[in-house]
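S.K.: So the chains spell out like this:
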Amino acid sequence: MSLFDHKLADLHDLLHKKEITIADLVRESYKRIEEVDGKVQAFLTLDEERALERAEELQKKLGADEGLLYGMPIGVKDNIVTKGLRTTAASKILGNFDPIYNSTVADKLHAADAITIGKLNMDEFAMGSSTENSHFAKTKNPWNLETVPGGSSGGSAAAVAAGEVPFSLGSDTGGSIRQPASFCGVVGLKPTYGRVSRFGLIAFASSLDQIGPITTSVEDNAYLLEAIAGLDPNDSTSANVEVPNYRSALTGDIKGLKVAVPKEYLGDGVSEEVRQSVREALKVLEGLGATIDEVSLPHSKYGVATYYLLSSSEASANLARFDGIRYGYRADNAENLIDLYKKTRAEGFGDEVKRRIMLGTYALSSGYYDAYYKKAQKVRTLIKQDFEKVFEDYDVIVGPTTPTPAFKIGEQIDDPLTMYANDILTIPVNLAGVPGISVPAGLSESGLPLGLQIIGKHFDERTVYRVAHAYEQSANHNMKPEL
Amino acid sequence: MTKITKDEVKHVAHLARLNIDEQEAEKFAEQLGSIITFAEQLNELDTENVEPTTHVLNMKNILREDKPVDGLPREQVLKNAPDHQDGQVKVPTILE
Chain A
1 MSLFDHKLAD LHDLLHKKEI TIADLVRESY KRIEEVDGKV QAFLTLDEER ALERAEELQK
61 KLGADEGLLY GMPIGVKDNI VTKGLRTTAA SKILGNFDPI YNSTVADKLH AADAITIGKL
121 NMDEFAMGSS TENSHFAKTK NPWNLETVPG GSSGGSAAAV AAGEVPFSLG SDTGGSIRQP
181 ASFCGVVGLK PTYGRVSRFG LIAFASSLDQ IGPITTSVED NAYLLEAIAG LDPNDSTSAN
241 VEVPNYRSAL TGDIKGLKVA VPKEYLGDGV SEEVRQSVRE ALKVLEGLGA TIDEVSLPHS
301 KYGVATYYLL SSSEASANLA RFDGIRYGYR ADNAENLIDL YKKTRAEGFG DEVKRRIMLG
361 TYALSSGYYD AYYKKAQKVR TLIKQDFEKV FEDYDVIVGP TTPTPAFKIG EQIDDPLTMY
421 ANDILTIPVN LAGVPGISVP AGLSESGLPL GLQIIGKHFD ERTVYRVAHA YEQSANHNMK
481 PEL
Chain B
1 MTKITKDEVK HVAHLARLNI DEQEAEKFAE QLGSIITFAE QLNELDTENV EPTTHVLNMK
61 NILREDKPVD GLPREQVLKN APDHQDGQVK VPTILE
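Each protein sequence line maps, in turn, to chains A and B.
Its first residue numbered 1, the first sequence is counted upward by one per residue in full-length UniProt numbering.
Its first residue numbered 1, the second sequence is counted upward by one per residue in full-length UniProt numbering.
The following block holds chain B by itself, in its conformation from the complex (with noise of 0.2 Å):
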């Protein structure tokens, strides 16, 4: 069984900002060490020459027409803003 500890779920927590406490590491411990020891299956199959699967459609290069359109009016893209003032999204100091 891979083992995963809790500080390596810190660790991947901090990587996907996400705050946890000492009890949730505990428990994403263990249930993630269960879910990747089940993943691991895979390993029995050889896939040495085989080509990964991105895309079931095989398309490539899809492009719309490069031309300019109006953007969205300012009171709707603040519409759904936690904060905002004097027409800007409004988010803690970020400079310290």
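Only chain A is shown next, with the shape it has when bound in the complex (with noise of 0.2 Å):
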């Protein structure tokens, strides 16, 4: 038994009964990562002085009523901006970078009292859903080490099915928390646009990014959330709305709870044993009293292109800043300035990123700004509609994470549409800037994990909790992968 199979809140009290110490929690978690990751390979970046330092200094000065992060373990995904501990986005652009300021989510959690143990893996720049794309390694689902951890946070998942650290943040911009939950049978969260500030999140598309808590309870994951969320005065797409308590949302109770099933989501293109998975955790809501009624989202299966066009021209913008000059790789060589910049950025990009620049520059080029750009601005408008409507009359909509369980390694790496396809479920939800969670929906015939979703209204994490939380009590997975 690991310590990590006590929830937060069991820890937290058995570090104030001086039954365990910090120094135990850090080093239980270095001890996990010695073991296993050399197989799972989730960190790109360890921290383990600074943690064991910083446990001896908390040590010291535990008090006896400190917050419930005091002192726990934590893996931060490798786009979030960490002071002095290198940050690289999976990028060979950014493989030296020591950044020299924290992001607002990494203060939050230094203000917690919370440890940071690592960086974990991703595919460069969040771009990908396999984590196949990181320059540095491919991230094993700890599931079966022959199948993807899904992407862009599948170091983040990883991690935590791997149980090398208690729970890790991610960020999702088409998926990349929820879909990597599903596949390594974690709890994962996007949030609202605007719940998390981006500040020191390496921006891949602004209007859709946001971080996110990864952990393997939804009651866990409501603490982690609580600590990150709220207004920063450095982005100022952050929403200034008040940070309810969403642990308290957690009773269990969801009796008379409207759910909304759209058709969309069970459909063709949905494996038939994930719907199963659904078809069966409906009837877990049903018998605790929630009332099921299906209904449409008549654009979703429009989110994919909408998706593709948007993030990538919000990406050609923003990768726009890697130009060799003031941090990050440097090209040898170079003739002139314009010289410099496309050496540099054509060794120091991957394929998918270079792909996915060029489909944004093309699609914000002129002449073709209005037909592809406009356009998909356009359609965003109905998919975000689509959603509005159903919550005139539905408390959550519900629905699978992803289409299929985890794949295997290289399956899909050759062929970007199919690979795209992974996300159709979850895309809508960040077009719509809507909160959404994945939670363990039990194992697939393979024994692979397949993932409930969770869908709520703008700000409204708490009863997307209270759902998540009760079918969770109820369903009762347990679900570990054996390493």
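Among the clues, some could well be false.
Heads up, simulated DSS-like pairs for lysine-lysine below, C-alpha to C-alpha not over 25 Å straight-line [stated by the list, open to error]:
#, chain 1, residue 1, chain 2, residue 2
1, A, K408, B, K27
2, B, K60, A, K384
3, A, K343, B, K10
4, B, K27, A, K138
5, B, K6, A, K343
6, A, K343, B, K60
7, A, K374, B, K10
8, A, K374, B, K60
9, A, K343, B, K67
10, A, K61, A, K108
11, A, K354, B, K10
12, B, K79, A, K83
13, A, K343, B, K90
14, B, K90, A, K301
15, B, K60, A, K378
16, B, K67, A, K108
17, A, K92, B, K79
18, B, K27, A, K354
19, B, K10, A, K92
None of these hints come from the bench; they were simulated from the model.
Put the two chains together into one complex; each comes in its own frame, and the hints tell you how they fit.
M.R.: In structure tokens, the structure reads:
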């Protein structure tokens, strides 16, 4: 039994009863990493010396009633900037980047006295659904080392599933927290757009990106969101909406709650075993007194096309900053400035990043702007309105997180469009800006995790958590991989 | 199917400041062509009277207080620069 089989609240109690020390928690993390990370390859950078020092320091000033994250070890996705701790976004172009400032979430974790264990692997610049696009390593799914952990937050999900850290932070632009959480059998939430500050999150698509927690339980997830959410003067898109107490929403009671199931989420292209797991989950919710109705999100099928035009366009602008001048990788033997830019970027970016920069540049270029970029912005409005309409009558929308369980490493990497289709059920949530969670929903025939997605209204993470928690407690899957 | 030519790919790569060789131009031409063709399914929808969404929360003019703060110390700014000299970032010749 690992210490990390305990929930956060239990670890907190053990710590205050002096049955364990903070150093025990931190060492547990590094011990497990030593044991299994050679196989899983979730971590890119470790911060062991500083973490152990911090453990000592926090142990000395441990008071009678510290916050819940006090002394708790955490892993952070490598596109979240951490001062003095190498941050690469899994790209060669930032291979040696040593940040001189902290992201707001890193500051908040520090203020809550959590301890950063290290930085987690991902698809380069968060572009991908399998973590195979990392420049440095291919993370494996702890449930089956021949399959992908999902992406782009594959390291964040795999590290939690493998018991290397009890929780982590990921980021989600089109499903990058929920899809790997589903593939690895853990809980992952994409908050409402604007709920968590993006300051210090290396930008991919600024109108879609959100940081969120990945944990083994819904309760821990709620704790972690409370610690990182809120208005930030350094992010003009963070919302001035009070952060509620998420934990108090976890009552187990969902009697009378109105659940909508979009028929598009159980249609063609979603595998039968995934559909079956959702039908079973709906029975659980019904048994708890919720009412279930079928609804339609008619523009869902246009989500993937809309997303790739918008996110790639935004990425082409955001990634223009990587020029080899002020920080990051610089190519040798450039003849002049333009040549320096071109060589640096050609050598520094991987294929998927180049493909998306070029797609975005094309969609924004003169003569094509209205046909592609503006068209996609208009379809985004239609997709958002689909959600608004359903939420006039319902509390949450429920469906699968992904169309299939995790696929084999190498299986989809040469076919961008097949890879993009993994996110067909998660992308509309980002386009609408609403919150969504993936909770474990049992195993497939081949023994791989399946996820249930629960989507809520803007800033209504409380209801999302309430339903997710009631389902988790009642279904009681208790999934853990053997490694 | 919308065809994207190798020359178009090279033009876009130049705009995006990316060096690409012939082989890559060919591969990207095919891949971008199929992605753009896929994206053209949006043309099935009539969006004549639909407003574009740029921001889901409809916030406007979020400004911070306009007060001066100290800049970063020079050594910090240069810490990650690939090349620097005499407290300045160094780049290749830009005027020929």
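S.K.: Tell me the hint numbers this structure goes against, listed in increasing order.
M.R.: 6, 9 and 14
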